[in-house]
Structures are given as structure tokens and as C-alpha cells.
Amino acid sequence: MLSNVLLKTVRDQRRSFMWWSVGIVLVNFITVLFYPSLSAATEFNEILGDDNSLMRAFVGDIADLTSPEGFLNSQLFFLLVPLLFIVFTAAQSTSAIAGEEEKGTLDILLSHPVPRWRVVAEKFAAMFATLFALALLAWLAIAAGALVVDMEISYARMLAVTVSAALLGLAFGSLGLALGSATGNRGLSIGVTGALAVTAYLLNALAPLVETLEPLQRVSPFYLYIGADPLSNGLDPVHAATLAALSAVLLATAALTFERRDIAV
Amino acid sequence: MAAAIETDRLRKSYGSVSAISDIDLEIQRGEVFGYLGPNGAGKTTTIRTLLDFIRPTSGKALVFGLDSREGSRDIKRRVGYLPSDIALYDRMKGEELLRHSAHLRGGVDWPFVLELAERLDMDLSRQIRTLSRGNTQKIGLIQAFMHRPDLIIMDEPSSGLDPLLQQEFYEMVDEVKAEGRTVFISSHILPEVERLCDRVGIIREGRLVKVENVESLKERALHEIEFHFAHPPPADVFTELPGVRGVQVEGSAVLVSVMGSLDAVVKAAARFEVTSVESHEPSLEDIFLSYYGNEQPHVE
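In the order they appear, the protein sequences are chains C and P.
If you read the first sequence in our numbering, its first letter stands for residue 1, the second for the next number, and so on.
If you read the second sequence in our numbering, its first letter stands for residue 1001, the second for the next number, and so on.
One should not assume that every hint holds.
[Said to hold, decoys possible] Taking lysine to aspartate or glutamate pairs in the EDC-like style, the calculated list, with each CA pair at most 16 Å apart, reads:
{"id": "1", "chain 1": "P", "residue 1": "K1060", "chain 2": "P", "residue 2": "D1024"}
{"id": "2", "chain 1": "C", "residue 1": "K103", "chain 2": "P", "residue 2": "E1212"}
{"id": "3", "chain 1": "P", "residue 1": "K1210", "chain 2": "P", "residue 2": "E1026"}
{"id": "4", "chain 1": "P", "residue 1": "K1060", "chain 2": "P", "residue 2": "D1022"}
{"id": "5", "chain 1": "P", "residue 1": "K1060", "chain 2": "P", "residue 2": "E1070"}
{"id": "6", "chain 1": "C", "residue 1": "K103", "chain 2": "P", "residue 2": "D1123"}
{"id": "7", "chain 1": "P", "residue 1": "K1060", "chain 2": "P", "residue 2": "D1008"}
{"id": "8", "chain 1": "P", "residue 1": "K1093", "chain 2": "C", "residue 2": "D12"}
{"id": "9", "chain 1": "P", "residue 1": "K1177", "chain 2": "P", "residue 2": "E1205"}
[Unchecked claim] Going by beta-carbon spacing under 7 Å, a handful of chain P positions derived as facing chain C:
{"id": "10", "residue": "F1053"}
{"id": "11", "residue": "K1093"}
{"id": "12", "residue": "H1100"}
{"id": "13", "residue": "F1112"}
Simulated from the structure, these hints should not be mistaken for laboratory data.
All C-beta atoms, glycine included, are put in the ideal place defined by N, C-alpha and C.
All chains should be modelled from the sequences, with the hints used to inform the complete structure.
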């Protein structure tokens, strides 16, 4: 586990990853277990209110809370799952370069014959691997819950929306990596990443309610993640590819800016 | 064969402030070179440029004839580096950290790593975060020496080491030199530089003010010697003696600053009843003064 930067970075997270896994599995599994009590009571749909209710900013622009898709989208996928993925990647990506630089450990690392772009790439790969492992666990937990409560839903589409959420997490993680690599400032990187994630969420969530926001909704990565409702329709190839391309561009930006600048003492 | 280190009008500025300017160094293979200067003089800036952590504003640096920027990866294969105020991955054990480092380099002889650990009396099974500063420094030294690099660059290497280990460290440097490899040490501790180095470069306010071999540096060092007499001696006993640069009298105590041989001063003092003598090792500051007299530091 110590043979390169990628494996060492994964190894460093073994404890925190274990706790993340426990949390992700529990929160998803337990949430799904509440499905039967909610689906039995169609009056829950009343809390959705009319088409312009603010409630829709928190659960999504959906018609039915009590269908399997409506339940999972509103309770897990609209906010909670992507939020967890973004927190996971933002924390990891901003410590990757900027965190090491602030601690001073980057000096020794870069005194080895490893090019800077490669350090960035391996840190990205570590984030990618742990994020998708976490996404796989989230999917398994939801699928297990669905099996227990006998939910009528496609496991493949459940996987599609989980992968879509992971792609969203990857995009914001890549943003954190790019900011950290370009500035070496962890606080700034995590702050800007968080602020942009909240903005992207609100843009997507409020656009159906606020007319002036509507044209902007489509630029929100949250829209690319869930706007096409992957849980009902499967992964939208264009949206998924756009999120992946965004990550790729940010990764390239991270490597290029890091190559060109001075390392702080 | 290219020099181990060669810099050509190397300059690094931050805005209008120059951290270093016009540094021209040439360090031959097999040399142990001391880079001397007070804190903030530009020692670390020079070193970090050689390792391509920072990029020169102008001029260039070559290590084994390779450009510090383009040849960075090849340079790092042949260089061992110990930063000042070393920070290591504190959630790893010493052995894990060194194994990781060995993997990143490739071709490290692990028994040699263990031998170094033994020489420095270092327990590699301990977590880095539980280590004292001195022990952390030892891990840093091991990772700088373990791949038997052609050039070892160390920034304030013996800080935190206890005297016994300092001796061991000196021997490690001697062995590197005996094998024809090169060592570049930045320091502000004169006895260490005296003990280890063949030549020194003195840097002050970002400029290389002198490159000299250690012997001639010592000859020109200003020694301070303090005599306590049973009775106050005549005021001018020492002032006219060869090498004396200053005399301060306080009652029966006399502080004499001497450059070069102490012989005349000691013989003059011996004519009186001496109750005690203290000799102060010349500090780097003293050497600066002996070189530059009362010239004020240049302020931009």
C-alpha cells in the first residue's frame, strides 16, 4: 500500500473511509425502511403544496412523494446523497495538494523523482476510487433496503442515479483539487467549492419556482446530475458526459497550474 | 564533467523585493560546501530553486549540468534533500514513511536504511507524530541519505540533534565525502560548518558576498577573549598589539577582540595576575563584522 502516491493516499484514508462507509450505508438503508409507512399514506403528497411551493426546493420538482421514485428522489437523491458525496470529495481534494502544502509535507514528497502533474493525477485517482467505492456502497444499501421493504423499482436505474451523484461529487472534488493546486490555500479552496456547490444546488432547486432563474438552471451541475431524473429514465448520456468532461477540464487545470507555480514554504 | 551545482546570476524576486539576486555559485563534485548566512538571508530560497520548488525570476541553476527546471526529475533521482523545519506524514510509522519514500525512488538498498537507523539510534516502529523534534530530524536525515545520492542538500541539518548524534551525523557526511559524493549544507552554526565543510559561501541579504575555504575564513575570524585580572591593568596594554581590533575595559575585566593569532594578546596578559580567562568562539556575526567592518547592511 506504500508503493505510490495513489495507494498511499487511499491508505491514509482507511479510517475515515470506514466511518464514511458506515454513515452512508446506515443513512441510506434506514431511510428506505421508512418507505412502507409513507407510501401507505398518500395524503403526504399534500405537503408538496401547489406547483410553486417552496417545499419543492428541498425535495425536487416532483409529483408524487409516495411512489418509489418520488420517495427515493425526494428523500435521498435530491439533496442528501449528492451533498454527502460533495463533502467527501471536497474535504479530500482540498487536502490533496493545498493541505500537504500547508502542513509542509509537500516539500519532501516533491523532492522525490515524481513529476508534479503525476502527484495531482494520483491524488485525483485516489479520490475517484474512494468516491466510487462509497457510491457502490450507497447503491448496495439502498438496494438492500428496497429488497427488505419490497419496493418496486429498477436496481439498474438506482445505480444510474447513484453514479450520476458520484459524477457530481467528482466534479466538485475536481474543483477543490484545481483551486488547491492553483493557490495552495486550503481554506480558500474549501470555501469556494462549498459556496459554488450551494449555489449550484439552489440554482437547480429554485429555478422551477423563480422565473428569472429558469434559464440558468441548465448550467447548474446539479441539473446535469438529476435534471433528467436518472432514477426514472436512466443515465442521461449527455448530462453524464458533461459532468465527466467538467471533471477532466478541472483536473487538467489542477495539473497545469500546479506545474507552473512556486511551492510555498 | 559538469559541476555538482552551478548557478548563473540566479535571482528570485517577490514583487519588488529580491529574496536572492545575482547568485553565482560553483560547487565541484566531492566537495562539502557550507552555505552560511543569518536567517532570512536567502539560503532556503536558493535551495528551493535548485529543487525546482520555486522558479528563478532570472538566471539559472544547473545541478550536474541539468537545468533545475527541465531536468528536475533527473536531478531529483540523484539528490537527497533535508528541508529545514521538516514536516513528515505524522500518521505513518517511521518505517512506513521510509518504505514509501524508497518505493517512490526505486532501487533503495533496504539494509542500508536499517543501518542508518541503527547508527542514529532511531526506532522506526514509532508513529511520526509521537516523535520529538530531534527524532523527526533523524527520519529526515535517513530519507536524505538512504538512496546514496550523488548530492545531498541539507537546510540546517543538525538542528534538534543531541551532541552524540551530531557526531554520528558528521561521520555520515565524512563518509559521503570520502566516496566522492557532494554535500551542500546551509547553516548558521559556525562550529558545524568548520567541522564539515571544505568551502563556504556567505550570503547576506540575498547576495553571495564571499566564497572562501574554511581555513582562511577562520584565520580572519574575530575572536573575543575576556581576561579578569587581580588588579586593573594599564589601559593601553592591548590596544597596540597585532591583530587587536577592539578593547573594552570594565574595572579589572578586559574584553579584547582579536583577528588571527591570539599569541601576542595572551603573552601580554600573562605579565599581569590573571584570575580567569574566557574565550568566545567567533560567531557568524563576528565573521561578517571582520569581513565588512562597520559597513551598514544595505537597505532598499
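Less than 7 Å between beta-carbons is the criterion; does P:K1093 satisfy it with respect to chain C? 11 Å, violated
Starting from C:K103, check that the Cα of P:E1212 is at most 16 Å away, please. Violated. C:K103 to P:E1212 sits at ~37 Å, over the 16 Å cutoff.
Given pair status - C:D12, P:K1093, alpha carbons within 16 Å: 12 Å, holds
Given the hint that P:K1060 pairs with P:D1008, test it: the Cα-Cα distance must not exceed 16 Å. With a Cα-Cα distance of about 5 Å, the restraint between P:K1060 and P:D1008 holds, given a limit of 16 Å.
Going straight from one Cα to the other, do P:K1060 and P:E1070 come out at no more than 16 Å? Satisfied, since the Cα-Cα distance of roughly 11 Å is no more than 16 Å.
Hint validation: P:F1053 versus chain C, beta carbon distance must be below 7 Å. Holds or violated? 4 Å, holds
Is P:K1210 within 16 Å of P:E1026, Cα to Cα? Holds, because 12 Å separates the two Cα atoms, which is no more than 16 Å.
P:K1177 paired with P:E1205 [C-alpha distance capped at 16 Å]: Given pair P:K1177, P:E1205 is violated - Cα atoms ~30 Å apart, limit 16 Å.
Run the distance test for P:K1060 versus P:D1022: straight-line Cα separation, threshold 16 Å. 10 Å, holds
Do the alpha carbons of C:K103 and P:D1123 lie within 16 Å of each other, as the hint requires? 24 Å, violated
Can the restraint linking P:K1060 and P:D1024 be considered satisfied, given a maximum Cα separation of 16 Å? Given that 16 Å is the threshold and the Cα spacing comes to 9 Å, the pair holds.
Taking the closest Cβ pair, is P:F1112 under 7 Å from chain C? 17 Å, violated
Of the hints listed earlier, those the structure fails to meet are numbers 2, 6, 9, 11, 13, in rising order.
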